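Novice: The lines below spell out each chain.
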Amino acid sequence: MQNNLRITRFVVLAVGVGLLLASSRTLAHHGANLYDMSKAVVLKGTVTKFYWGNPHNEVSFDVPDEKGEVGHWVAYTEPPLVMLERGWTRKSIPVGDKVTVYIFAAKNGSTVGTLNRIVLPDGKELTAYGAPGAPAPAPAPK
Amino acid sequence: MRNRLVISAAALVAVAALSPMFRVQTAASSQGGTASRQSSTSKVPDLSGDWAPDRTRGGMGQSLSLSDIGGRKRGNEDDIPYQPWARAKTLSEKTSTGPDPRFDETTDPQVIYCEPPSVPHIYLWPIKTKFIQTPEAVYVLYELGPFFRVVWLNSTHPADPDPQWWGHSIGSYENGDTLVIDTVGFNDKTWLDQMGHPHTEQLHLIERYKRVNQNQLELDMTIDDPGAYTKPWPSHRNFALSTTGFLRYQQICSVRENQQFFDNTGKPAVGPRK
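Residue numbers (my numbering), protein chains in the order written: chain A, 1 to 142; chain B, 143 to 416.
Note that these hints are calculated values from the structure, not bench results.
Predicted, not measured: the structure shown is a model, and the values here were computed from it.
It cannot be assumed that every hint is accurate.
Derived DSSO-like pairs (lysine-lysine); straight-line CA-CA distance at most 27 Å [to be verified]:
#1 B/K231 x B/K373
#2 B/K409 x A/K39
#3 A/K107 x B/K416
#4 A/K107 x B/K236
#5 A/K44 x B/K416
#6 A/K49 x A/K39
To give an idea of the interface, some chain A residues facing chain B are shown, with a C-beta separation under 7 Å as derived from the structure [to be verified]:
#7 A32
#8 N54
#9 V82
By construction, the Cβ of each residue, glycine as well, lies at the ideal position given by its N, Cα and C atoms.
Construct all of the structure, not just a fragment, from the sequences and the given hints.
Specialist: As structure tokens, then:
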């Protein structure tokens with residue numbers, strides 16, 4: 001109960017994204033047993049670190065609540081090889097940026113999870129697991 | 143007259159030594175196989191380009207089972223002719239991905255030890271494949287690893303190949319539009335796919351790559367392993383031509399980086415909140 005209340009402090013809006021893993025065509029994803037993949041929790045925070053590398057990129061960000069307590073969150077994405085196809089680069093998420101993060105959070109209430117998408121200060125949205133944005137196939141020959 | 147015949151014979155030998163067919167046969171012999179006849183007039187299909195799993199045509203399924211590409215019926219698929227031990231082995235494995243992932247306790251050796259996935263497992267990763275075709279061999283490059291395979295043309299398998307991660311591959315072109323790869327000599331340390339389907343050193347994998355149009359490549363496979371399955375069974379993968387570049391990032395497996403990742407994002411989520 002206490003963990004659920006702690007999550008609630010940081011939650012602005014819980015968004016249902018459907019059972020994406022139910023699709024047999026969904027991209028492979030590690031750790032889905034540890035995270036609630038049925039809905040993305042929405043958090044507003046400040047980026048403290050952006051790890052661009054294998055096996056997965058990691059976005060670290062701090063989320064304060066109304067009482068001033070700060071939650072230290074880590075959200076991971078697919079590796080650079082995959083995320084480059086979605087337009088990400090190692091400079092996509094600068095430290096210090098104030099962002100809105102949609103994350104499939106850990107079931108046990110810890111401040112980790114899988115990134116669904118992130119909105120940057122200029123409004124640009126970077127998509128990750130379970131979000132639209134997969135690269136389109138090459139156009140058919142004319 | 144006799145001098146002219148000697149000179150002519152020498153010239154003939156010189157020309158033969160320089161001919162492509164002769165060079166190919168020599169190369170094949172150096173790889174432990176013996177040269178076999180290959181038609182010098184076979185049309186060679188163009189497999190150039192970067193081939194990504196085709197998301198629009200089931201290219202991202204986790205299982206080689208054609209009736210259950212998502213792995214929901216793992217161990218009980220209609221189209222996999224298990225021997226009893228192979229079914230039990232499959233069910234005993236804990237996958238790191240798929241419909242029932244156990245990332246924190248997976249038994250996938252590729253995830254735990256950074257061992258090569260080999261074929262056909264590598265085709266279930268979200269990475270691109272590239273074929274470099276030469277007269278003596280087809281070099282198959284993968285973004286994961288990065289790994290590559292050598293498929294010897296105009297060759298045969300060694301009589302007793304050492305069991306190795308990628309086996310020993312020979313290839314030929316069929317009907318002017320298909321590359322056929324025949325591989326034996328696998329070790330038994332890998333999974334056939336992301337769902338933990340096992341194989342033995344008896345695995346004989348046949349792959350048929352056909353470029354059906356400019357932007358689509360299809361792979362038909364036959365998995366023949368009498369040590370694990372009661373009969374050969376088919377599988378299939380679809381690929382789409384990618385234009386965004388090859389090996390834009392080196393996806394290299396590091397045990398240290400894997401541990402760091404798990405410590406940062408996995409361990410906190412395991413069990414009750416710490």
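Novice: Checking one constraint from the list: CA of B/K231 to CA of B/K373, max 27 Å. Satisfied?
Specialist: 17 Å, holds
Novice: Can the restraint linking B/K409 and A/K39 be considered satisfied, given a maximum Cα separation of 27 Å?
Specialist: Satisfied, since the Cα-Cα distance of roughly 21 Å is no more than 27 Å.
Novice: Decide if the proposed pair is consistent with the structure: A/K107 and B/K236, CA atoms, cutoff 27 Å inclusive.
Specialist: 20 Å, holds
Novice: Against the 27 Å threshold, does the CA-CA distance of A/K107 and B/K416 hold or violate the hint?
Specialist: Given pair A/K107, B/K416 holds - Cα atoms ~13 Å apart, limit 27 Å.
Novice: Starting from A/K49, check that the Cα of A/K39 is at most 27 Å away, please.
Specialist: 24 Å, holds
Novice: Do the alpha carbons of A/K44 and B/K416 lie within 27 Å of each other, as the hint requires?
Specialist: Holds: A/K44 and B/K416 sit about 23 Å apart, inside 27 Å.
Novice: Using the nearest Cβ pair, does A/V82 come within less than 7 Å of chain B?
Specialist: 6 Å, holds
Novice: Quick check on A/A32 please, does its C-beta sit within 7 Å of some C-beta on chain B?
Specialist: Constraint on A/A32 satisfied, holds at 5 Å.
Novice: Hey, does the A/N54 contact hint survive, CB to chain B under 7 Å?
Specialist: With a minimum Cβ separation of about 5 Å from chain B (threshold 7 Å), the hint on A/N54 holds.
Taken one by one, the earlier hints all hold for this structure without exception.
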